[in-house]
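Chains as they are written, first to last, in numbering that gives the first Met the number 0: chain A, 0 to 684; chain B, 0 to 221.
To spell it out: a stretch of chain A is covered by chain B in this simulated footprint if at least three of its residues, at any positions, have a beta carbon under 8 Å from a beta carbon of chain B; those stretches are:
{"#": "1", "stretch": "518 to 529"}
{"#": "2", "stretch": "590 to 602"}
In silico EDC-like cross-links for lysine to aspartate or glutamate, where the CA-CA straight-line distance does not exceed 20 Å:
{"#": "3", "chain 1": "B", "residue 1": "LYS7", "chain 2": "A", "residue 2": "ASP634"}
{"#": "4", "chain 1": "A", "residue 1": "LYS259", "chain 2": "A", "residue 2": "GLU275"}
{"#": "5", "chain 1": "A", "residue 1": "LYS475", "chain 2": "A", "residue 2": "ASP527"}
{"#": "6", "chain 1": "B", "residue 1": "LYS13", "chain 2": "A", "residue 2": "ASP634"}
{"#": "7", "chain 1": "A", "residue 1": "LYS497", "chain 2": "B", "residue 2": "GLU122"}
{"#": "8", "chain 1": "B", "residue 1": "LYS80", "chain 2": "B", "residue 2": "ASP106"}
{"#": "9", "chain 1": "B", "residue 1": "LYS53", "chain 2": "A", "residue 2": "ASP642"}
{"#": "10", "chain 1": "B", "residue 1": "LYS123", "chain 2": "A", "residue 2": "GLU620"}
{"#": "11", "chain 1": "A", "residue 1": "LYS615", "chain 2": "A", "residue 2": "GLU658"}
{"#": "12", "chain 1": "A", "residue 1": "LYS597", "chain 2": "B", "residue 2": "GLU12"}
{"#": "13", "chain 1": "B", "residue 1": "LYS153", "chain 2": "B", "residue 2": "ASP136"}
{"#": "14", "chain 1": "B", "residue 1": "LYS53", "chain 2": "A", "residue 2": "ASP634"}
{"#": "15", "chain 1": "A", "residue 1": "LYS480", "chain 2": "B", "residue 2": "GLU71"}
{"#": "16", "chain 1": "A", "residue 1": "LYS597", "chain 2": "B", "residue 2": "GLU60"}
{"#": "17", "chain 1": "A", "residue 1": "LYS480", "chain 2": "B", "residue 2": "GLU42"}
{"#": "18", "chain 1": "A", "residue 1": "LYS480", "chain 2": "A", "residue 2": "ASP507"}
{"#": "19", "chain 1": "A", "residue 1": "LYS597", "chain 2": "B", "residue 2": "GLU42"}
{"#": "20", "chain 1": "A", "residue 1": "LYS597", "chain 2": "B", "residue 2": "ASP57"}
{"#": "21", "chain 1": "B", "residue 1": "LYS13", "chain 2": "A", "residue 2": "ASP642"}
{"#": "22", "chain 1": "B", "residue 1": "LYS6", "chain 2": "A", "residue 2": "ASP634"}
{"#": "23", "chain 1": "A", "residue 1": "LYS480", "chain 2": "A", "residue 2": "ASP529"}
{"#": "24", "chain 1": "B", "residue 1": "LYS7", "chain 2": "A", "residue 2": "ASP642"}
{"#": "25", "chain 1": "A", "residue 1": "LYS597", "chain 2": "B", "residue 2": "ASP64"}
{"#": "26", "chain 1": "A", "residue 1": "LYS480", "chain 2": "B", "residue 2": "ASP64"}
{"#": "27", "chain 1": "A", "residue 1": "LYS615", "chain 2": "A", "residue 2": "GLU653"}
{"#": "28", "chain 1": "B", "residue 1": "LYS13", "chain 2": "B", "residue 2": "GLU60"}
{"#": "29", "chain 1": "B", "residue 1": "LYS141", "chain 2": "B", "residue 2": "GLU195"}
{"#": "30", "chain 1": "A", "residue 1": "LYS659", "chain 2": "A", "residue 2": "ASP551"}
{"#": "31", "chain 1": "A", "residue 1": "LYS500", "chain 2": "B", "residue 2": "GLU122"}
{"#": "32", "chain 1": "A", "residue 1": "LYS478", "chain 2": "B", "residue 2": "ASP64"}
{"#": "33", "chain 1": "A", "residue 1": "LYS294", "chain 2": "A", "residue 2": "ASP327"}
{"#": "34", "chain 1": "A", "residue 1": "LYS5", "chain 2": "A", "residue 2": "GLU62"}
{"#": "35", "chain 1": "A", "residue 1": "LYS480", "chain 2": "B", "residue 2": "ASP76"}
{"#": "36", "chain 1": "A", "residue 1": "LYS480", "chain 2": "B", "residue 2": "GLU73"}
{"#": "37", "chain 1": "B", "residue 1": "LYS213", "chain 2": "B", "residue 2": "ASP136"}
{"#": "38", "chain 1": "A", "residue 1": "LYS475", "chain 2": "A", "residue 2": "ASP535"}
{"#": "39", "chain 1": "A", "residue 1": "LYS475", "chain 2": "A", "residue 2": "GLU16"}
Everything labelled a hint here was simulated from the structure, so no lab data went into it.
Note that the Cβ used here is the ideal one computed from N, Cα and C, for glycine as well.
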Amino acid sequence: MQPPCKLACPIHTEAREYVQLIAERRFEEAYSSIRELNPLPRVCGRICTHPCEGACKRGQVDEPIAIAALKRFASDGPWRGRREAVLPAEPTGHKVAVIGSGPAGLSAAHDLALLGHHVTIFEAMPVLGGMLRVGVPAYRLPKDVVDEEIEAIADLGVVMKTGVRIGEVTKVSDLFDQQYGAVFVAVGAHKDRKLAVTGADAFEGVVSAVAFLQRSNQGQDPKVGRQVAVIGGGNTAVDSARSALRWGAETVRMLYRRSKDEMPAAPAEIEEACGEGVHLSVLISPIEILGEEGKVTALRCMENRLGEPDASGRRSPEPVRGSEFVLDVDMVIAAIGQAPESSFLAEELELDQKNHRIITKDAGTTARPGVFAGGDAVTGPATAIQAIAAGKEAACAIDRYLRQESPPALDPIGPDERARVSSAVIEKTRKFERAEKIRTPMDRRLEGFEEVESALTEDRAIGEALRCLHCFLGAKIDKDKCVSCLTCLRVCPLQIPKTNKMGEITIDPFDCQACGMCALECPVQAIDMDLHPRGDIVMEMTAAVGKSAHPDPLMVGFFDLHGNFGASDIERLRQDHPNVLPVMVFGLRRIDTVDILKAFELGAQAVFLAGCPVEKDPFPETRQGLKQSMARTTDLLNALGLDGGRLALCDMPEQGLVEKTFIEDLGERVKEMAPNPMRAKEDKP
Amino acid sequence: MITLEQKKFEDIEKMTKGCGRLLVLGCETCAAMSLAGGKKQAEALAAAIGMARKMSGDKSEVLYDAVARQCEPEFIDLTEKEVAQCDGVLSLACGAGVQLLAERFPDKVILPGCNTTFLGVTEKLGVWSERCAGCGDCILDKTAGLCPIARCSKQLLNGPCGGSMDGKCEISKEVDCVWQLIIDRLTKLNRLEMLEEIFPVKDWSPAGHGGPRKMVREDLES
Chain A
0 MQPPCKLACP
10 IHTEAREYVQ
20 LIAERRFEEA
30 YSSIRELNPL
40 PRVCGRICTH
50 PCEGACKRGQ
60 VDEPIAIAAL
70 KRFASDGPWR
80 GRREAVLPAE
90 PTGHKVAVIG
100 SGPAGLSAAH
110 DLALLGHHVT
120 IFEAMPVLGG
130 MLRVGVPAYR
140 LPKDVVDEEI
150 EAIADLGVVM
160 KTGVRIGEVT
170 KVSDLFDQQY
180 GAVFVAVGAH
190 KDRKLAVTGA
200 DAFEGVVSAV
210 AFLQRSNQGQ
220 DPKVGRQVAV
230 IGGGNTAVDS
240 ARSALRWGAE
250 TVRMLYRRSK
260 DEMPAAPAEI
270 EEACGEGVHL
280 SVLISPIEIL
290 GEEGKVTALR
300 CMENRLGEPD
310 ASGRRSPEPV
320 RGSEFVLDVD
330 MVIAAIGQAP
340 ESSFLAEELE
350 LDQKNHRIIT
360 KDAGTTARPG
370 VFAGGDAVTG
380 PATAIQAIAA
390 GKEAACAIDR
400 YLRQESPPAL
410 DPIGPDERAR
420 VSSAVIEKTR
430 KFERAEKIRT
440 PMDRRLEGFE
450 EVESALTEDR
460 AIGEALRCLH
470 CFLGAKIDKD
480 KCVSCLTCLR
490 VCPLQIPKTN
500 KMGEITIDPF
510 DCQACGMCAL
520 ECPVQAIDMD
530 LHPRGDIVME
540 MTAAVGKSAH
550 PDPLMVGFFD
560 LHGNFGASDI
570 ERLRQDHPNV
580 LPVMVFGLRR
590 IDTVDILKAF
600 ELGAQAVFLA
610 GCPVEKDPFP
620 ETRQGLKQSM
630 ARTTDLLNAL
640 GLDGGRLALC
650 DMPEQGLVEK
660 TFIEDLGERV
670 KEMAPNPMRA
680 KEDKP
Chain B
0 MITLEQKKFE
10 DIEKMTKGCG
20 RLLVLGCETC
30 AAMSLAGGKK
40 QAEALAAAIG
50 MARKMSGDKS
60 EVLYDAVARQ
70 CEPEFIDLTE
80 KEVAQCDGVL
90 SLACGAGVQL
100 LAERFPDKVI
110 LPGCNTTFLG
120 VTEKLGVWSE
130 RCAGCGDCIL
140 DKTAGLCPIA
150 RCSKQLLNGP
160 CGGSMDGKCE
170 ISKEVDCVWQ
180 LIIDRLTKLN
190 RLEMLEEIFP
200 VKDWSPAGHG
210 GPRKMVREDL
220 ES
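Model the full structure from these sequences, guided by the hints.
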């Protein structure tokens, strides 16, 4: 079963995997997991609309995991430079032309280059990145981030030509004459829809949002007025309004014809804009632009009320008779939708008459063999991740086309069914607050285009990752082994296992949060976990003991990952106490008597279990059981003549892995005991 | 179910000392449900015995496995190959299972790893209590579904005795007087008059007092 976050992502990002790796303080691996599928992880960590979060199971309990912020944390960290670059496959000899260097074009180029094809990107603008460069303002997406990710794609051998507008001199068909075996058209949607009101073309000071943002984002002064009206309610309108404030506009007013609920812009963006001082006027439509001496001076508007839902399902605005009013403005930015600039393709490809979108079939194929299309040019203005998905899909289709193979099979991952967590489980699930974003204070934002949001700090990121409920990584019951003893029903802190009259046990794989209790207690070993199964923990421990000689007294420490510590704390522990072998686990109740015996058998002089502070524990009700099982193991050690004092349980401090003196004290205690004879035996030749 | 508890490790270690290659054999019905002798407990016990042996310089191996029920010959026979490679078997089954093992493997040392405690019920995780003494002649119809044979310290049929105080048995304040419970329940069911019938002297021969019991169903026997 695939987790909902992955299913919701257009490129099926392994969100659950990298979130788990962050929780394990394995940041570099988290970055690798992200980068493997997504050539623009730092971009997506900032501007992705994160459909994954909308699908997140935690969202049914309290608030979804901040997956996008975690992506940014993993992708921004200094460890990203340590990832070993993936090298392109052997050159295939095929040449592919990509028209447009936005997210669709870049990701197609990236994947095609890795497959061994020679890729050239043709970009009409003088700069690379498409909307990432000229559409999204730098306070949301700094341009050095875009540069870095484009550079990494160029490093794969992708040739990038700017200022070349295909269709002007060179036509798409000409590219085939230049030995390009396939063409990917990803020109985006950079053409504004014109305001259909009287005076829209008559005065200076009336601009389109795309043109405004293009100037603004390239650092050219867009010459804002003092009183700016932005018309529209989408993300482009919000970007324009916030940018206008930064260029010094005194008042910026967004006019939207429906109510706030219908605004297509991300609610968080609207909130940011309002916080920065943008005025939001809803249920208002412009009806005429007024001007004097060729310059815009005012906007005649009308109030609306909401009527019946229209084709988009949103309630449509109906003008209120006699509600006309005039707003003094000296600049109007129209952000009422964009369409692809596809006229140059009209002769060669099939276009949708109304929106000028390129018509494609499966995997980006167009009416013309060898020409593929994707991104905003096909869908109309959409999200970066959708464009990346289109690019990746097209890359796959192009590769198969060039190899003369049949088109790729449809995505085997089924639709996301949005499983529901049962209300009883929701109630019992411990709630943890979502990590708060770190943002520049409002009063310092308008000084320029510095990025507003910062990456999560390490401790916030880890805490956030630990909120993950591990969809589908929980208990799997082997019905052939199960003897219906009902132990799982009795130990589950969330009461998820259910039985029927015949003793057939079922454990809902979506409800389960992989605490590990049932797997630990099942007397017939019929239950296993995918999250940190015991077998893996023992293997890791055995391998670590074997790997290097640990000074005496060797101690194995099992640490609950839910503790409040960072990657550097683990490093410091290794340095300060080389005799301690840390084993990190998602909850100490994964550790069984056998595992502790195994540690002693491997020669440990002491074993300790460090539990997270109770306020961090997702399953505090299991703590009592841990103490009981430790007591049982201690008795057994005493019976074995090993001295039960070698086994210790400690609580982690508020910050860090263990109290400062804990390890020394345990070491001292062990020194007073006779050495573990298992160790003595190992030492003998 | 038959409830079991694992013997103390010291006793197990002692009895298994020197018996060579050992198989710790779990029983995955009653013993598993008692969380005393399933495969999981067999694994842990085998590990502990193995460690004890290593520490004392005994190099002989300790293996573990489990079968569904050691009280069935067909299951036992499935362990034949494993047992053949061992010198002894530590059974985690009830006494019945241990004995059937001994019967099937006459040349092996067969040892009990558990004490068979009683026929009872699970009250909650980790708590079991006795309910049935297997007397062979059930009288629960006359005692409101509460068994005085299993639950009265004196096995009185016409109780309670004078030791019943505040609903508790004189042997311990922790033990309910089952006759008090019987009276309470019959009162609730409005059937208290049932106690006017005096139980005659019980025939204990179906309870085993007439020698070891055996049950033969002629309609089924092959």
